[in-house]
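J.: This is what each chain is made of:
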Amino acid sequence: MADALFWIGGGLIVAGAMLSVLGAAGVLRFPDVYTRIHAASLTDTGGATLMLLGMGLLGPFGLITLKLLLVWAFIMLTSPAAANALANAAFGSGHRPRIGNFQIMGEDKATDAAPESAGKERA
Amino acid sequence: MTAPVLEASFALNVALLLMLVVLAAAVVWTRSLLAAILLMSVYSLVSATWLMVMDAPDVAFTEAVVGAGISTIVALGAILLTRGEAVRVSWKRQVVPGLLAGLVGGLLIYAMSGLPDFGDPASPANSHVGRAYLETAKRDIGAPNVVTAVLGSYRGFDTLGETVVILAACIGVALMLGFGPRATLAPPAGAPGDHHVVLRVTAKMLVPLIILFALYVQFHGDLGAGGGFQAGVIAAVAIILHALVFGLRETTAAIPPQAARAVAALGVVVYAGVGIVCIVNGGGFLDYDHLLTPQIEAMIPAGLLGDPDKPHHWGQYFGILAIELGVLMTVSATMITIFYGFAGRTIDAIAAELRR
Amino acid sequence: MSWIATHFNYVVVVILMMAGLFIVFSSGNLIKRMIGLALFQSSTALFYISFGKVSGGTAAITLDAQGAEGQALAAQLDPAYVAQFGVEGVVYSNPLPHVLILTAIVVGVATLAVGLAIAVRVRESYGTVESDEIDAVSRVAAEQAEPAP
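Residue numbers (our numbering), protein chains in the order written: chain A, 1 to 123; chain B, 1 to 356; chain C, 1 to 149.
Some hints here could point you the wrong way.
Short derived list, chain A residues pointing at chain B, Cβ under 7 Å [as the list claims (entries may be wrong)]:
{"#": "1", "residue": "Leu77"}
{"#": "2", "residue": "Ala81"}
{"#": "3", "residue": "Asn84"}
{"#": "4", "residue": "Ala85"}
To be clear, the hints were calculated from the coordinates, so they are not data collected in a lab. Just so we're clear, the structure is a prediction, and the values are computed from it rather than from any experiment. Cβ atoms here follow ideal geometry from the backbone N, Cα and C, with glycine treated the same way.
This is chain A alone, in the form it adopts within the complex (with noise of 0.2 Å):
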């Protein structure tokens, strides 16, 4: 039973530190700052919580996985919100969401790419 959590709690917290490579990766490849900010924001509370899951199993039960709740609880609150508040000042001067066809792999081209070349990631 313990081993058994040991290697649940452990494959969370590698799933969960995955998880927020992948969101790295987001924020250094999507194109804009809206996609990026979301890349960023979704991976980390996603990982935050795995990683969170993973250690509450690994620990003993009791006071370790209240305090466990409580950053999670604050995590939820406060990542959503920064994500928000940096979109918005984004937002505020003056970036724009890039609309349209365009190549995420490519270099920093034009918004209207052609269609055909870009259909698989169309944003």
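Assemble chains B and C onto chain A, guided by the hints.
T.: Frame of chain A, contents of chains B and C only:
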């Protein structure tokens, strides 16, 4: 007797230190001051994680709150008032500094070969004073957290000095930047707008929670990681969050700059006052064993804190509690005053711009 | 155990110190210099904390060696090692550097604020925070102050 095999945490140590090196290199390269400040913030967060690996939870706590919180806000306020980008320095003017830094670094690496191995339990640093504190702290002071015991009691005089330095910095910033907004004009309307509903609601929920957490850190300090320095900065962060979201005027209405200044000075008075009381009761300065007279000590119920059979060092207990309170007052009020200084200056500058 | 493994932390400390020193020396921007100084200071903190680490140690919060946590820690270590370097059956890291660095960090941010406040005042007086431009402004001001021949 050799040290045990390098633990798994050593790999973590190496990884985190390499991240620190990368971040420092990025700070050197970037010309944008905004980027440099944010990189320093990340640097602080990574080094806080590293400090946890190094068994220093108290320091990690402080570094996370101070480095990633307060100093970022202060530095952002400073570039708002100056400018956001450094002038490009030609490579010719980087040669001599580079050589000089390289020379100093080379000498230090040469000198470093004589240092004891990392993690050596028998190194001079780890085998004399530090070990003595670990052996005696529980007997002398009774606080489980040895860091708090050393900070508050063994080296209490040193900590008083640090607190006075913080107060001096508070006075310095307040004298240079003013005590808060003096401008008569209201800040330009419309800039914050009404788009921040989410932020306002969240902040309204968080500010009391953060202050509650600061109190927990304050009073939990002799049992676990925490203490007056960390709690003071956390409490100040709550006030600063309030000011950032609701505007400086709202915050100064709740906590006037005069009150913040007074509390900063009062904290040092509380700290030094504890020392004076100890002298009056027949001990040395900050000798908490003489803080309470026997009559007062007799009035404390035996089972007040846990096991009634266990001997308690009530003088040490209340002494550390009182000086931590003084530290809390000075640190939080200083951080708030510094923030008021920078933020008030910004409002003054905007108002002067509008008047022109 | 090679030399680089036992002294890796110190090498990193020296590299960070060099980075901070280089910024302070090469950059003319006062705020960038303060950031360099903060980096320098942080390298000192890293050095102290590295010094205080004891292999197999735990945070300096007194544990009961017979309790669950104390037993789990002791199980990972050689009993002879614990007997020699432990305090009442538990090996702790050195708390003294932690105390010094904890206060130094808070004092560091306070002094950083003073430095930045000076930079703000310099900017208000000279209109710039680049030391070259400050020199130029004060040179012009000195020439204007001289009586015409």
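J.: A separate judgement is required for each hint: does it hold in the structure or not?
T.: Okay, the hints, checked on the actual structure:
The closest approach between the C-beta of Leu77 of chain A and any C-beta of chain B is roughly 6 Å, which is under the 7 Å cut-off, so the hint is satisfied. Because the smallest distance between the Cβ of Ala81 of chain A and any Cβ of chain B comes to about 4 Å, under 7 Å, the interface hint for this residue holds. For Asn84 of chain A, the suggested interface contact is upheld, since its CB lies about 5 Å from the closest CB of chain B, less than 7 Å. Look at Ala85 of chain A: its Cβ gets to within about 5 Å of chain B, closer than 7 Å, so that hint holds up.
Hint compliance for this structure: no hint is broken.
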